[in-house]
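Engineer: What follows is the residue order along each chain.
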Amino acid sequence: MAFKGVLRPGLIQIRVLNMDEAINHYQNILGLNIVSTEADGRVYLKGWDEFDHHSVVLRQAESAGLDYVAFKVDSDDYLREIEPKIVAWGLEVDHVPAGEQPGVGPRIGFTLPTGHRIELYHQIDMADDHPGITNPDIYPRRPEGMGASRFDHLLCYGPNIGKAREFFCEVLDFYQPEKVDLPEGDGSLAIWLTASNKAHDIAFVEHEEPGKLHHVAFLLQDWNEVGAAADIISINDVSLDIGPTRHGITRGQTIYFFDPSGNRNEVYAGGYTAYPDHPVRSWDFDHVGKGIFYYERALNDRFLTVLT
Amino acid sequence: MRHRVTIENCNETYPCSEQQTLLQGMEQLGKRGIPVGCRGGGCGVCRVQVTSGNFLKAKMSRSVISEADESKRIVLACRCTPTSDLSISVVGKMEKALRAECQVEPEDEVSVAAVV
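Chains as they are written, first to last, in the numbering used here: chain A, 1 to 308; chain B, 1 to 116.
Hints in this document: simulated from the structure, not taken from any laboratory.
Some clues are possibly wrong.
Said to hold, decoys possible - Just the calculated beta-carbon pair ranges, DEER-fashion:
| no. | chain 1 | residue 1 | chain 2 | residue 2 | range |
| --- | --- | --- | --- | --- | --- |
| 1 | A | Asp128 | B | Arg73 | 25 to 33 Å |
| 2 | B | Arg73 | A | Gln27 | 29 to 37 Å |
| 3 | A | Asn18 | B | Pro15 | 22 to 30 Å |
| 4 | B | Ala68 | A | Glu100 | 28 to 36 Å |
| 5 | A | Asn300 | B | Asp85 | 30 to 38 Å |
| 6 | B | Glu18 | A | Thr134 | 38 to 46 Å |
As the list claims (entries may be wrong) - The list that follows gives simulated cross-link-like pairs (lysine to any residue, SDA-like), each with its CA atoms no further than 20 Å apart:
| no. | chain 1 | residue 1 | chain 2 | residue 2 |
| --- | --- | --- | --- | --- |
| 7 | B | Lys59 | A | Asn197 |
| 8 | B | Lys57 | A | Asp20 |
| 9 | B | Lys59 | A | Glu62 |
| 10 | B | Lys59 | A | Gly65 |
| 11 | B | Lys59 | A | Gly145 |
| 12 | B | Lys57 | B | Asp85 |
| 13 | A | Lys198 | A | Pro279 |
| 14 | A | Lys198 | A | Trp283 |
| 15 | B | Lys57 | A | Gln60 |
| 16 | B | Lys57 | A | Asn18 |
| 17 | B | Lys59 | A | Ala61 |
| 18 | B | Lys31 | A | Lys198 |
| 19 | B | Lys59 | A | Ile23 |
| 20 | A | Lys72 | A | Asn197 |
| 21 | A | Lys4 | A | Glu62 |
The beta-carbon is built from N, C-alpha and C at its ideal position, and this holds for glycine as well.
Pulled out of the complex, with its shape left as it was, chain B reads as follows (with noise of 0.2 Å):
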């Protein structure tokens, strides 16, 4: 089954089956928003806030995601598997680069900076 991701920082979106994970969703459509790395839950580069719907998680490092992240539904994209239609926003280190790709206006700044 197929559920839609919407990106908020650049207001992509795209279907992603209940089998891929976030980021293999938007990967492999050529899609961009959330920084890809190592895609295996070990690096933190796609770490993203889950805002609205469901998903299943996998082990993520914990180096990278404390406890108290996965409690405000923040996770890896790259271990993270949609149940519903999803809303995310991008939260990680690379989220700057990710503005300076979308062209987001300024003042969604702060609402990025609230999440953070």
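One chain only, chain A, in its complex shape (with noise of 0.2 Å):
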């Protein structure tokens, strides 16, 4: 198997204001099914491609944002010895026992240098409602909303990204698809990083503010569904923030929009198949506008300011 250590991002824990309002959203306009809500008030989802238990963790609390992404890795092999090598890169790793998340065994958690908290895990149950393994149809039944297929990957904002590529890059194993240069220096303003043929798993953009999240994004099948997509935003006066448009980056097409609480969410279809032995396609400053927004060939303010 070439496909080895961590697969994907397959859990993200999100802090909504008003958990009414948050799973009207996530299961009525996004389409996620919501697999269970446990005591603590937690609501548990799944996209309808996603055989795993649940991707998508909704936790109430006083102010929005993101609490972790959690990638899931091969083994639990591989999760005990990438422990030690965490720690000598400079890491403190916490334990995170079996049974915290409903179906979810033990994990590992970490806080990166831009200020996010990332956890590894392998064992997760198979989900009740997974998609089909033997002669399987395309699909169970027509998804709802937006009918979005899987949590697909997440944008971070926060100081040092350099040191968070490097630790993806030498410790995980991810490589590096595209970034964005700094208009001086050699650092860049944004990188895009994955462990798969995905553009991107996560990225971040260099900001003075540790542990913002930019947006979470859900995988959909075509243009098509992008168009459909930004029909449900107006049938429903869900919060649009740009699109349908297109990113020069990742050649991904796209609608982004915002939770009841304010996180951003997209959803995205296509995109470029990459392999760890591509060239880095690099951005300079005075072409960053065309690199994220390829129609409008402007960034705006709201990209850049609003964060979670």
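These two chains come separately, so use the hints to put the complex back together.
Structural biologist: What follows is the structure, encoded as structure tokens:
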């Protein structure tokens, strides 16, 4: 098997201000399915094309934003072996016992120099309501809302993104399909990192405030579904950010909007297939507008400043 | 019922119903003045201080509006509905951009700074 170690961003826990409004949004607008609601109030959801027990965890809190993202790894052995490497690189590792989330085994966690908490886990139950396996139909039933098929990636804002790149690439064997250079010096304004064939599993933008969430993205199948997502946004008066449009970076077709607590969501289709031997695609600072929004060819203030 | 909202920083006024937030009322008329962010009480971009008038407010992210802010009637325009005519002053982090857009005279900066 060529695909080893970290497999994908598998779990994300998001803080919301009002759980009822959040459930309506993630279930009826995005089209995720609720898997369970637990005694501590957290709500667990998944996309229709995900085999694992859940991928999105909503937690009601006094502030919106990101609690953590957890990457699924290929084995318990990897989880054991990676821990001392993370410590040797300089991060403190803590342990989350099995069962802290329903159906999920033990996790290890640490905080990046960008201020974001990252976790790794291997064991997770298969969902009862999973995609077909034997003579599988293309989907079990028509998805609700936008029909988001899975949690796809996230974009984090924080300081020291060069250190984050070093950590992901040197310790967790990610690679960097794309970057935006700072106007001066060797550093990057933004980086796209992946452990897979996806153009990004996680991305970072350099920003002074640590631990901020720019967006959490969900996968759609094609440009038509992005258009339908735009219809659903207007029908339901969802707060629109920008789109439908396209990224120069990753080439993804996209629309951005906000959940009822102000966390930015993206639904996304397309994008190129990444390989670790490809050159790093680079954007200089003078072309960043076209890189981010390929049709508008300009950044907007909201994209750079609106974070949770 | 509609009320008149006045944005002091740029002398803009607009009508806003009791069913709309201050931000929705401004945006849907194509008016400008309050910076528009997430519209969900999470990002803090539409931070304003209500200098006169009455309003109702919904839950706002504590990381962007503190209890001390609320006691000074500093709120997020996206979570605030008017129950009377209102005057507000934009005090958020994008307020500097607003001043450039509205071409406010330099002496007004003093009053803005005093509010923050």
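Engineer: Each hint: holds or not?
Structural biologist: Hints, one by one, checked against the model:
Checked against the hint of 25 to 33 Å, the C-beta distance between A:Asp128 and B:Arg73 comes to roughly 50 Å, which is inconsistent with it. Range check, B:Arg73 to A:Gln27: about 36 Å between beta-carbon atoms, so the 29 to 37 Å window is met. Hint check: A:Asn18 to B:Pro15, Cβ distance near 28 Å, so the stated range 22 to 30 Å holds. Range check, B:Ala68 to A:Glu100: Cβ separation about 34 Å, and the 28 to 36 Å hint holds.
The hinted range of 30 to 38 Å is satisfied by A:Asn300 and B:Asp85, whose Cβ atoms lie roughly 32 Å apart. The supplied range of 38 to 46 Å is broken by B:Glu18 and A:Thr134, whose beta-carbon atoms lie about 57 Å from each other. Of the supplied pair hints, the one linking B:Lys59 and A:Asn197 is violated, its CA atoms being roughly 41 Å apart against a limit of 20 Å. Taken as a hint, the B:Lys57 and A:Asp20 pair is honoured in the structure, with Cα atoms around 18 Å apart against an allowance of 20 Å.
Distance check on the hinted pair: B:Lys59 and A:Glu62 sit about 8 Å apart at the alpha-carbon level, within 20 Å; holds. Proposed proximity of B:Lys59 and A:Gly65 is supported: the alpha carbons are some 15 Å apart, at most 20 Å. Our distance criterion of 20 Å between C-alpha atoms is broken by B:Lys59 and A:Gly145, whose separation comes to about 26 Å. Restraint check for B:Lys57 and B:Asp85: satisfied, since their Cα atoms lie roughly 15 Å apart, inside the 20 Å limit.
Simply put, A:Lys198 and A:Pro279 have alpha-carbon atoms about 15 Å apart, close enough for the 20 Å limit, and the pair holds. Note on A:Lys198 and A:Trp283: the hinted pairing holds, with a Cα-Cα distance of about 19 Å set against a maximum of 20 Å. Annotation: proposed proximity of B:Lys57 to A:Gln60 holds, straight-line Cα distance about 18 Å (limit 20 Å). Between the alpha carbons of B:Lys57 and A:Asn18 the distance comes to roughly 14 Å, so the proposed pair stays at or under 20 Å and holds.
Distance restraint check for B:Lys59 and A:Ala61: the Cα-Cα separation of roughly 11 Å lies within the 20 Å cut-off, and the hinted pair is therefore satisfied. A C-alpha spacing of about 41 Å is found between B:Lys31 and A:Lys198, which places the hinted pair above 20 Å, so the restraint is violated. With a CA separation close to 16 Å, the supplied pair B:Lys59 and A:Ile23 stays within the 20 Å bound. Using a Cα cut-off of 20 Å, the hinted pair A:Lys72 and A:Asn197 holds, with the two alpha carbons roughly 15 Å apart.
For the hint linking A:Lys4 to A:Glu62, the alpha-carbon distance of about 38 Å lies beyond 20 Å, and the restraint is violated.
Hints 1, 6, 7, 11, 18 and 21 from the earlier list are contradicted by this structure; the remaining hints agree with it.
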